[in-house]
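Q: Construct all of the structure, not just a fragment, from the sequences and the given hints.
Taken in order, these protein sequences are the chains called A and B. Under full-length UniProt numbering, think of the first position of the first sequence as 1, with each following residue one higher. Under full-length UniProt numbering, think of the first position of the second sequence as 1, with each following residue one higher.
These aren't lab readings, by the way, just hints derived from the structure by calculation. Predicted model only: the values in this text are computed from it and were never measured. No residue lacks a Cβ here, since even glycine has one placed at the ideal position from N, Cα and C. Take every hint as true, because none was put in to throw you off.
Computed, partial: chain B to chain A, Cβ under 8 Å:
#, residue
1, G118
2, E121
3, D124
4, L126
5, G127
6, M128
7, D132
8, F136
9, V137
10, P140
11, R144
Away from chain A, derived, C-beta distances all over 12 Å, residues of chain B:
#, residue
12, L13
13, R48
14, T88
15, L151
16, A204
17, W206
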Amino acid sequence: MKQAESILSLRDVEKTFAGHKAVDGVSLDIARGEVVAVIGPSGSGKSTMLRCINLLEVPDSGTISVDGKNLDTSGTVSARDLTQLRRRVGMVFQSFNLFPHMTVLRNISLPQERVLGRSREEADRRSMELLERVGLQQKADAYPAKCSGGQQQRVAIARALALDPEIMLFDEPTSALDPELGLEVLAVMRQLADTGMTMIVVTHEIHFAATVADRLIVMADGRILEQGPPQQVLDDPQHARTRTFLSAIKDR
Amino acid sequence: MKSAIFSDWAEWLPRLLDGLWVSVQVTGLSLIIGLVVGLLLALAAFARTRLLTWPAVLLVEIGRGMPALVMLQLVYFGLPSVGLTLETYAAVVLALSLTTAAYTSEIIRAGLRAVPDGELEAADALGMSRSDVMRFVVIPQGLRIALPTLLGFAILIFQISSLAFSLGLPELLSQAYSIGANTFRYLDVLTLAGLLYLAVTIPAGWLVARFERRLSRHLTT
Ligand SMILES: Nc1ncnc2c1ncn2[C@@H]1O[C@H](COP(=O)(O)OP(=O)(O)O)[C@@H](O)[C@H]1O
Ligand SMILES: [Mg+2]
Numbered sequence: 001m002k003q004a005e006s007i008l009s010l011r012d013v014e015k016t017f018a019g020h021k022a023v024d025g026v027s028l029d030i031a032r033g034e035v036v037a038v039i040g041p042s043g044s045g046k047s048t049m050l051r052c053i054n055l056l057e058v059p060d061s062g063t064i065s066v067d068g069k070n071l072d073t074s075g076t077v078s079a080r081d082l083t084q085l086r087r088r089v090g091m092v093f094q095s096f097n098l099f100p101h102m103t104v105l106r107n108i109s110l111p112q113e114r115v116l117g118r119s120r121e122e123a124d125r126r127s128m129e130l131l132e133r134v135g136l137q138q139k140a141d142a143y144p145a146k147c148s149g150g151q152q153q154r155v156a157i158a159r160a161l162a163l164d165p166e167i168m169l170f171d172e173p174t175s176a177l178d179p180e181l182g183l184e185v186l187a188v189m190r191q192l193a194d195t196g197m198t199m200i201v202v203t204h205e206i207h208f209a210a211t212v213a214d215r216l217i218v219m220a221d222g223r224i225l226e227q228g229p230p231q232q233v234l235d236d237p238q239h240a241r242t243r244t245f246l247s248a249i250k251d252r
Numbered sequence: 001m002k003s004a005i006f007s008d009w010a011e012w013l014p015r016l017l018d019g020l021w022v023s024v025q026v027t028g029l030s031l032i033i034g035l036v037v038g039l040l041l042a043l044a045a046f047a048r049t050r051l052l053t054w055p056a057v058l059l060v061e062i063g064r065g066m067p068a069l070v071m072l073q074l075v076y077f078g079l080p081s082v083g084l085t086l087e088t089y090a091a092v093v094l095a096l097s098l099t100t101a102a103y104t105s106e107i108i109r110a111g112l113r114a115v116p117d118g119e120l121e122a123a124d125a126l127g128m129s130r131s132d133v134m135r136f137v138v139i140p141q142g143l144r145i146a147l148p149t150l151l152g153f154a155i156l157i158f159q160i161s162s163l164a165f166s167l168g169l170p171e172l173l174s175q176a177y178s179i180g181a182n183t184f185r186y187l188d189v190l191t192l193a194g195l196l197y198l199a200v201t202i203p204a205g206w207l208v209a210r211f212e213r214r215l216s217r218h219l220t221t
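A: Dropping the structure here:
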C-alpha cells in the first residue's frame, strides 16, 4: 500500500501464549488517516494484535514502527520508549476501564497532567473541550458509576484523545453495550474518523466497517486471512472461512 | 447493695480510666507502626519485588501464625537474650506492631489485588508510569477496599492489647487485676473493665459500619 506514508508498520509480529500462537506472523502497514476495521472469529488474535501495537503484550518476535521509529521488541523496551509509544497510540477497551474513584473530568485530566505534564487548568480545559465533542460536558463532575455504559465508553474515548494520540486502537468498543448505546459510541467514532484520525477498530459492527473503514481485515488463527476495501471483502469474500464467519454474524 | 457497687465503681474508675488510656496508647502506636510496615509489605508483595520477598513472607507467616500472647512473651523475654532489652511499654508496642503488620499486609494486599486488571491496563495504555499507576489508581482504591477490614482489625487489636497484662503493663486489664487483688472483688471490677472495653469497641463498630456504607457510594457499578 502507501508504504512511504505509513504511520504504523508491523513486520512478522508473533506472540505465543503457552505454546499457542495467538498472533502468527502478522505484517501490516497503515497509512496516516486510514481507518482499518478488523473482524474475525473469537480467539483469532485480534485483541492480541492490537495489544502488541502499544506493547501491552510484548511480541516474541517481529518489529513494530510508529512514524518510522522502529521498536526492537525482542530486547527489553526502555520505559522512555514505552511512554513515547503509548502517548502516540491511544486505546479504547471493550470494558471502558474508567477509574471509578475519580470524576469523569479527573479521569480525563489526570493522565494529561502525569504523562504530558500539563497544568491542572490546561488539562481541565482540554478535557472539557473533549467532553463537549463526545456530548458529555454535563457529566464532568459525575462519577463513572452514574454514567451509562455508552457514556462511560465516550468518556474513555475522550480520555485517550486527551493525550493527542496519532493512532487510536479500539478493541470491540461496543460489544459490552446495548445496541442503542452502541450507536452513540459509533457516532463518536465516525466523527473521529472524519477528522482524519488513524484508527484500527476491532468490531463486529459490519455496518460501521462498511461505511466508515477504508480497509477491512479478516483474521483467523492469528493471521490475516484476507483484506481489502470493505465492500469488496463483504460482497466477494475470497475464503470460505470468511464467508462462514460473515454469514454467522449477519444471522445474529 | 446496688448503690454500694456504684460507689465502689466510682472509686475504681479513675485507675481503670488510666489503664484504658494506656490500652488506647499502645493500640494506637502499634496500629500506626504496624500499618506503615503492613502497607510497605503489601506493596512489595504486589510489585513482586524479589528483594523483599522472603523476609516479608517470614514476617507475615510468623506474625499471623504465632498467638499474640506468645509474641508478647517472646519479644519481652526473648530479645534480651540477643542483647536487646526493651521496657515493657516498648516491648508491647513492638510485639503488637509485628502482629498488626503481618495481618494488615495481607488485608491491604487483598485490597490492592481487588482493583480490576482492566484499570491497570488502561493506565498502562495511557502511558502512566508504574509509580503513578500505584499512586493514583491502585493504592487509593485498594486502601478503600481494605479499609472496613482494617478498621475491624483495629478494634480487634485493641482487645488483644489486654494480653499485655501478662507483662505487667499498667493497661486496663492489669489495673482491674490489681484492684481485684487488693479488694478481692475480682468479678465486680472485671465487669466494670469489660464495660469499659465495650464502651470503646461497640461505638467503634458502629462507626466502621457507617463509614463502610459511605465509602461504597461511588464504587457501586
Ligand atoms: N493473556 C493470555 N494468556 C494466555 N492466552 C491468551 C492470552 N490472551 C489471549 N490468549 C489466547 O490467544 C488467542 C487469541 O486471543 P485474542 O487475541 O483475545 O483473540 P480475539 O480478540 O480475536 O478473540 C486465544 O486462543 C486466547 O485464548
Ligand atoms: Mg478480543
